[in-house]
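Chemist: Sequence:
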Amino acid sequence: MGYWKHGEDGESFALDSELIWGDSPADIMGNALKEIISVFQRDRDRLPTEAEIKAGLLFSLRTALERAAKEPAGGRSGG
454 MGYWKHGEDG ESFALDSELI WGDSPADIMG NALKEIISVF QRDRDRLPTE AEIKAGLLFS
514 LRTALERAAK EPAGGRSGG
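Residues in the sequence shown are numbered from 454 upward in steps of one, following the numbering used here.
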């Protein structure tokens, strides 16, 4: 499982970027998105828009990063 440079626009292998992404995070995100889409279809009887998914991810991301920053270093997985 590897990591690669990743552009803010979603471009993979963006050599001029300092951002990274990897196989394991991509797999986890893919599974989460499948579940989010499925729940949206069940609850709202339609697919979510790209804008709704992006806004929802930003909403959840802030909280998740704040919680992770407060955890002791031993409580984090991976790295």
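Don't read these hints as lab results, they were simulated from the structure. Glycine included, C-beta positions come from ideal geometry on N, C-alpha and C. Be a bit skeptical, because a hint or two may be false.
As the list claims (entries may be wrong) - Ranges of calculated distance between the beta carbons of each label pair, as one might list FRET restraints:
(1) Lys-487 / Tyr-456: 20 to 26 Å
(2) Gly-460 / Ser-513: 18 to 24 Å
(3) Ser-477 / Ala-522: 26 to 32 Å
(4) Gly-455 / Asp-496: 18 to 24 Å
(5) Leu-468 / Ala-526: 20 to 26 Å
(6) Arg-495 / Ala-526: 20 to 26 Å
(7) Ser-477 / Thr-502: 17 to 23 Å
(8) Asp-469 / Glu-505: 18 to 24 Å
(9) Asp-462 / Leu-500: 17 to 23 Å
(10) Ser-491 / Asp-469: 35 to 41 Å
(11) Asp-462 / Glu-505: 16 to 22 Å
Unchecked claim - Taking lysine-lysine pairs in the DSSO-like style, the calculated list, with each CA pair at most 30 Å apart, reads:
(12) Lys-458 / Lys-487
(13) Lys-487 / Lys-507
(14) Lys-523 / Lys-507
(15) Lys-523 / Lys-458
(16) Lys-458 / Lys-507
(17) Lys-487 / Lys-523
Chemist: Does each hint fit the structure? Answer for all of them.
Modeler: Hint check:
Judged by the Cβ atoms, the range 20 to 26 Å given for Lys-487 and Tyr-456 holds: they are separated by roughly 22 Å. Hint check: Gly-460 to Ser-513, Cβ distance near 22 Å, so the stated range 18 to 24 Å holds. Judged by the Cβ atoms, the range 26 to 32 Å given for Ser-477 and Ala-522 is violated: they are separated by roughly 21 Å. Checked against the hint of 18 to 24 Å, the pair Gly-455 and Asp-496 fails, with Cβ atoms roughly 36 Å apart.
Separated by about 31 Å at the C-beta atoms, Leu-468 and Ala-526 break the suggested range of 20 to 26 Å. With their beta carbons about 38 Å apart, Arg-495 and Ala-526 fall outside the hinted range of 20 to 26 Å. In this structure the hint that Ser-477 and Thr-502 lie 17 to 23 Å apart at CB is violated, the actual value being about 27 Å. For the pair Asp-469 and Glu-505, the beta carbons lie near 30 Å from each other, so the given range of 18 to 24 Å is not met.
Separation of Asp-462 from Leu-500 is about 22 Å and conforms to the stated range, judged on CB atoms against 17 to 23 Å. Restraint check, Ser-491 to Asp-469: a C-beta distance of roughly 36 Å satisfies the suggested window 35 to 41 Å. The hint said 16 to 22 Å for the Cβ distance between Asp-462 and Glu-505, and at roughly 19 Å that hint holds. The suggested pairing of Lys-458 with Lys-487 holds, with an alpha-carbon distance near 24 Å, which does not exceed 30 Å.
Between Lys-487 and Lys-507 the CA atoms are separated by roughly 14 Å; this keeps the pair inside 30 Å, and the hint holds. For the given pair, Lys-523 sits about 25 Å from Lys-507 by alpha-carbon distance, which is consistent with the 30 Å threshold. As the CA atoms of Lys-523 and Lys-458 are separated by approximately 27 Å, the hinted pair is consistent with the 30 Å bound. Taken as a hint, the Lys-458 and Lys-507 pair is honoured in the structure, with Cα atoms around 20 Å apart against an allowance of 30 Å.
Between Lys-487 and Lys-523, the direct Cα distance comes to roughly 29 Å. Compliance with the 30 Å bound is thereby established for this hinted pair.
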